[in-house]
Amino acid sequence: MSKKKSGFALSAFSIILILLVGLGILSHVLPDASFVGEEIVNGSGTVGAKLSDILMSPILGFESAVDVCIFVLILGGFLAIITKTGALETGIRVLVKKLKGRELILIPILMFIFSIGGTTYGMLEETVGFYVLLAATMMAAGMDPLVGSATILLGAGSGVLGSTINPFATGAAIAALPEGVQVNQGLVILIGTFLWLTTLLISIVFVMTYAAKVKKDKGSTFLSLREQKNAEKKFGNYAQKFDEKEVKLTTRQKITLVLFGLTFLVMIIGFIPWGEFNITLFDKFTGWLTGSSLGNWWFYEAALWFLIMAIVIGIVNKMGEKGIVDAFVDGADDMVGVILIIAIARGASVLMGVTHLDNYIIYNAANLLRNVPEFIFTPLNYILHVVLSILVPSSSGLVSLSAPIIGPLAAELGYSVESTVMTLVAANGLVNLITPTCGAIMGGLALAKVEYSTWFKWALKIVLTIAVANIIVLTLAALIF
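Take any residue in the sequence shown, count from 1 to its spot, add 126: that is its number in this note's numbering.
FYI, nobody ran anything at the bench for these hints, they're computed from the structure. Every value quoted in this text rests on a predicted model; they were computed, and no experiment measured them. Built from N, CA and C at the ideal position, the CB exists for glycine as well. It cannot be assumed that every hint is accurate.
Lysine to any residue pairs mimicking SDA-like chemistry, simulated, CA-CA at most 25 Å apart [what the hints assert, rightly or not]:
{"#": "1", "residue 1": "Lys374", "residue 2": "Pro399"}
{"#": "2", "residue 1": "Lys583", "residue 2": "Val220"}
{"#": "3", "residue 1": "Lys341", "residue 2": "Val220"}
Simulated DEER-style distance windows between Cβ atoms [claimed, not checked]:
{"#": "4", "residue 1": "Ala595", "residue 2": "Val451", "range": "23 to 31 Å"}
{"#": "5", "residue 1": "Val594", "residue 2": "Pro530", "range": "25 to 33 Å"}
{"#": "6", "residue 1": "Phe607", "residue 2": "Lys342", "range": "41 to 49 Å"}
{"#": "7", "residue 1": "Leu590", "residue 2": "Glu305", "range": "34 to 42 Å"}
Could you put the whole structure together from the sequences, leaning on the hints where they help?
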């Protein structure tokens with residue numbers, strides 16, 4: 127194995143805090159905003175951030191992200207109980223043993239499955255629970271946690287980028303268009319499908335190429351020595367060589383794995399907004415348990431579900447009251463660092479709202495776009511929303527801010543509104559593959575023991591390739607439709 131330098135790398139916390147300070151400084155560099163009464167004159171300027179605004183933004187990020195933080199805290203307890211049963215470790219060993227020599231086939235299958243969740247209902251933050259599982263699986267299969275992280279993030283991210291019927295992206299964007307702006311939803315879905323599949327194909331090629339390289343030579347891993355040691359400490363048990371005797375799951379472990387899979391399946395069904403698709407099948411389910419029926423869940427309902435299943439799995443494995451509580455508390459404790467990262471990342475959006483920086487950027491950029499031809503309008507619009515998405519990573523938040531301005535502008539100029547809508551969605555999806563302001567990225571990577579700086583350097587080439595492909599697809603769609 128070739129030696130790797132441990133190197134110097136900023137932590138995720140430092141990167142986000144530096145970004146917050148940068149936003150605060152930028153709010154003073156730009157022109158001052160004008161107000162009529164208490165209403166800001168759109169695009170007039172920004173409100174300079176006070177020192178207290180900058181310092182309070184990561185604290186207020188907790189308030190903004192409290193639902194996700196509670197979910198992740200309880201998820202940690204759930205995973206700790208699963209780990210204590212030994213079912214997950216043994217199950218991974220059995221799976222890898224059965225796939226001996228064919229482990230790489232897992233990557234495109236899992237990426238496609240995650241991408242379906244992304245394109246249909248924006249599955250991204252909901253993937254946080256899978257990072258430990260996939261990091262461990264890829265380690266056991268002779269790869270590294272970076273492969274597991276990429277499988278989840280680029281898989282689900284490809285779908286989110288090419289959202290077809292995702293109500294939190296395309297749905298929100300179309301709903302935000304002012305009355306009178308016509309949009310063909312069939313064309314939106316068609317353009318979204320092209321974006322989804324081209325992005326997924328590019329991602330699969332990159333991930334499988336890297337995975338095959340690491341599997342052949344462990345020294346080719348992109349991880350630093352520190353990351354390798356952390357990964358070995360966390361996931362090493364899964365990657366140990368098998369004994370000569372056959373590895374088998376006990377009956378209790380098999381039941382535990384069924385309950386484990388059922389837990390995530392119900393969570394996914396709960397998050398999918400079935401009502402948006404006129405599906406009423408699940409309306410009567412689980413409302414008595416969580417207060418909200420399947421299809422109307424968010425992170426509080428999911429947190430309760432994981433808490434219930436953690437207790438059920440503990441009882442099935444005869445862990446006893448003390449065993450369940452001790453394991454759950456230890457697992458929740460392990461998630462504190464992840465929660466801090468997610469909450470602090472939300473601070474950027476909080477500071478953007480306080481300074482009105484988002485308002486200033488979108489209105490002034492729209493005025494500049496008014497004077498360019500369509501084949502330039504689309505790439506520039508894409509780049510604009512890449513910048514905005516770094517500051518406003520939420521897809522629904524971004525399109526609610528931007529679509530009422532950019533959509534009518536495209537219609538007024540006679541440009542494709544459908545392509546414009548998907549430009550907003552695709553640019554936001556691209557940024558959420560790599561931005562430090564996305565809690566799902568920062569939290570997931572922390573669970574997989576992959577430093578953000580490592581992910582950024584590894585994924586940058588992929589993201590740039592995807593960006594070029596996106597711009598080509600969107601520009602052609604704008605010119606054709």
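Hint by hint, here is what the structure shows:
1. Lys374 with Pro399: Given pair Lys374, Pro399 is violated - Cα atoms ~39 Å apart, limit 25 Å.
2. Lys583 with Val220: violated, 33 Å
3. Lys341 with Val220: holds, 18 Å
4. Ala595 with Val451: 23 to 31 Å: Violated - the Cβ-Cβ distance for Ala595 and Val451, about 50 Å, lies outside 23 to 31 Å.
5. Val594 with Pro530: 25 to 33 Å: Holds, since Val594 and Pro530 (Cβ atoms, about 29 Å apart) stay within the stated range.
6. Phe607 with Lys342: 41 to 49 Å: Given about 45 Å between the Cβ atoms, the range holds.
7. Leu590 with Glu305: 34 to 42 Å: At roughly 38 Å between Cβ atoms, Glu305 and Leu590 fall inside 34 to 42 Å, so the hint holds.
Hints 1, 2 and 4 from the earlier list are contradicted by this structure; the remaining hints agree with it.
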